[in-house]
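Engineer: This is what each chain is made of:
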Amino acid sequence: MAETLRVTVNGEGRSDQVEPRVLLVHYLREVCGLTGTHVGCDTSQCGACTVLLDGAPVKSCNMLALQAEGAEITTIEGLAPPGGLHPLQTAFWQEHGLQCGYCTPGFIMAAAALLAENHDPSDEEIGRGLEGNLCRCTGYVNIRRAVKAAARAMREGESAPVGG
Amino acid sequence: MAVSQLIGARVQRREDPRLITGHGRFIEDHTLPGLTHMAVVRSPHPHARVLGIDASAATALPGVLAVFTAVDFHRILSGTMPVTPSFAPEKKYVPGRFPIADQEVCFQGEPVAVVVATDRYQAADAVDLVHVTYAPLPAVVDPEVALRPDSAKAHVDGPDNIGWDMTYDGGDIEAAFAKAEIRVTERILQQRLAPTAMETRGVMASYSPYDEQLTVWLSSQNPHFIRLFVSGAMGIPESRVRGVSPDVGGGFGSKISPYPEDYLVPAASKLLGRPVRWIETRTESIMTTIHGRGQVFTAEAAALRDGTLLGLRLTQVLDLGAYHGTFGAFQACACLMAGGVYRWEAIQARTIGVLTNKVPTDPYRGAGRPEGTHLCERMVDRVAQELGMDPVEIRRKNFAREFPFMNNFGLTYDSGNYDGTLDRALELSDYQGWRRRQEEARGQGRLVGIGVSTWVEICGLGPSQPTAAATGGIALVEAAQIRFLPSGSVAAYVGTHAHGQGHDTTFSQIIADTLGVPLDAVDLRHGDTAEGPSFGYGTYGSRSLAVGGMALLTASNQILDKARRLAAHLLEAAPDDLEFTAGAFSVKGNPQASKTIQEVAFAAYGAGLPEGMEQGLEAVSHFDPPNFVWPFGAHICVVEVDRETGAVEIQSYTAVDDCGNVINPMIVEGQLHGGIAQSVAQALFEEVVYDHESGQLVTATMLDYLVPTINEMPVPTLDRTVTPSPTNSLGVKGIGEAGTIAASAAVINAVCDALGPLGIHHVDMPASPDRIWQLMQEARR
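Just so you know, the protein sequences line up as chains G and E, in that order. Position in the first sequence (from 1) plus 312 gives the number in the numbering used here. Position in the second sequence (from 1) plus 524 gives the number in the numbering used here.
Hints in this document: simulated from the structure, not taken from any laboratory. A virtual CB, placed ideally from N, CA and C, is assigned to each residue, including glycine. You may find that some hints are simply not true.
Stated by the list, open to error - Here are the computed distance ranges between Cβ atoms for each label pair:
(1) L559(E) <-> G325(G): 44 to 52 Å
(2) D435(G) <-> P1189(E): 18 to 26 Å
(3) G325(G) <-> D578(E): 43 to 51 Å
(4) D435(G) <-> A1106(E): 22 to 30 Å
(5) H431(G) <-> R966(E): 37 to 45 Å
Said to hold, decoys possible - Covered stretches of chain G, as calculated for chain E (at least 3 residues, CB under 8 Å):
(6) 347-355
(7) 393-404
Produce the complete structure using the sequences and hints provided.
Structural biologist: Quick look at the structure:
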């Protein structure tokens, strides 16, 4: 029997009837229409389905939608205001941190969680932060560069004078 | 060509804004009103007779609309799935493959029934309720076992398991070996690999019986070929079938050939009268999407004591799986490229394609060239080691240096400078410094090794004569169409397909420069058979730029020719008296008399055109290249092997490659990063494992199949030289597969160099800690 799920998705409060066995990723994609979150492996290795749940990265293909009751969920579509780009999105673009782009939303979300906690991650810390995400195209070289570039931009952005 | 501004520039990718914001359009992102969901009932056995299928419990489940089996599909589909001649035209046995098994299943994962339901969860439930009665048959898993006369047969009605057995003779092999002062032999494995595109396969189809129109959305590298095959099987005119491959999440060769579901989903839509979508799970993907490699080589090399290479004799036993892959015999090109960048008096290569009860193998990134390169580079190192020569010295002694260079099998390398890439790689990698450090490390009992791989590949498929013969009719040329619209924007269509390669950007750079328009004025489209030229040939074999880019260039030049004639008419000058610079035609010596190409385009849709000129400004061009293209390079890898655990750590990786002229260096570097990563993955981590007794796939999830993470991958140091191809006027070669072709040999040569002091001369892939530890244990005995 469907149950009521109340969540906030990308800032929008929602209430939906959801079957208990529906995975969070399918709720986001098919009920909310947010298809930027992808399924790559079904078994939590690839991280293509990574979203932020109350700010923490979770693999939405390994979580039931109803387990998110009351949570604030951020998907790739909600990372930046409409029409804008998050520094990570800009950096992935500028550093050629993506090729086919299928894994990219998951990488960006996992990196966003990393940078929220660590404003200047070392190579090793980037490795730990992104070890749950797989990319088949880039060899991770430019993903690493993009995360560093984004961290730099975010640090500089913080110290920049407002309205200056 | 106009003054070049964009060609060669590091232009940011135009495809990225949608992909970084979650607005890409992959197959599963598409839906239709009334969409239904298909799931596939697959054989759990590697080989069995199907005695009966009872779908009653499944069909009784709420939401289940139908269960279809081979009986149903035979009403809709005819014929068998295609097998091309490729490099083994004389086949001995080609078992017919219908998209769904009827009475005999021949590999684990082969479809036996499909369920269609109103929701994906119900479809998955119903799969478990379809009761199939099987009578297991003996299965053959190991291709070398399958060669034996007493082996179980992969198909009960087959004569044996031999798909092909042919020998390429490249020179007088007996004479070459008669001169030998030393000979080395080696057995070299190429493990099976799962291509593992991050987006699995997926198909959505909608058939309309009222006007007999079929639209198929699928994750494919070449939707035109799939349309050709599916329209034929369904008996629908090709013109009424539309194939769409929008954003595709990686291919690596695994999305070239047609798959059972490419037929079953459209047929199910026709049977049901509703749109149907099927999305492959990851386990289905590792189990049923083609595998790459899967070969066993035995090789013998003959040389003089001074290091002069004489002859190479090899046998490739190629594990076909249960059916021939559509382009499976392409992998025999490992034989034709086994001589690498060297001069040999003779090469003799026998290829045997062997049927086993496993999923078919087919081209996977590099497709035969990684195997050929790995074999050649291992054998050259083995010869050097026997002679006590430095691996660099033996390479220099035997490099081909005069171009065009014809190899032993009559293939003509267009241009090259193998010393140039090697010199630069030695310098950049600090080769001499590493040799010193290696000596110091050895003094401390540490296992440090340095591996060199100097490689060449055949790509840019290809010239019409050999490629038409290889496919059985259709030449792998490329088609492009350019439409210069009245308001000045340009719609360009090309028959290649990008799934990460960035063609929207690089191809637009070529067009914008050629037509003298801003990059933003160019809209590059591909992947939809309803648009552009009548046929597109797809993307594989590092062909897109050298063939598709050239088709766009020639179409652009046709546009320019017509625009020039029209501009001359408008300016009352002779066409030859016009200059074309910065997007405008002007009369030589009178720059005030000028028309922009946009003004000319608008005029082309109006009245008062020159005598005999038709309205419009558009062109279709097919480019048939005179030769393949031949990129090359030198990779140097340094590793340290842990004496206790056998773990390999890459200390340094340097790649100096040459793909001719470069359109966008950022994209070229990205292709190399990814290509090297995929080959390092083969060298050290990945292997599809089947249990040899039961034929069960052991590595059926990403937990067991080790796609490397960010923590396993080296950051390579890259550089390049530029030796333009004389084959095309852009002077370009290909780069998509280069890294994958080069890297495994560099890594394994380094591992073997590290382990040489222990008396270990060869290590197979993946060079896992387990495998190396075993070798070290044996060596210590």
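Engineer: Confirm or reject each hint.
Structural biologist: Status of the hints after comparison with the structure:
no.	hint	verdict
1	L559(E) <-> G325(G): 44 to 52 Å	violated, 28 Å
2	D435(G) <-> P1189(E): 18 to 26 Å	holds, 24 Å
3	G325(G) <-> D578(E): 43 to 51 Å	holds, 48 Å
4	D435(G) <-> A1106(E): 22 to 30 Å	violated, 45 Å
5	H431(G) <-> R966(E): 37 to 45 Å	holds, 43 Å
6	347-355	holds (count 9)
7	393-404	holds (count 3)
Against the hints set out earlier in the document, violations occur for numbers 1, 4.
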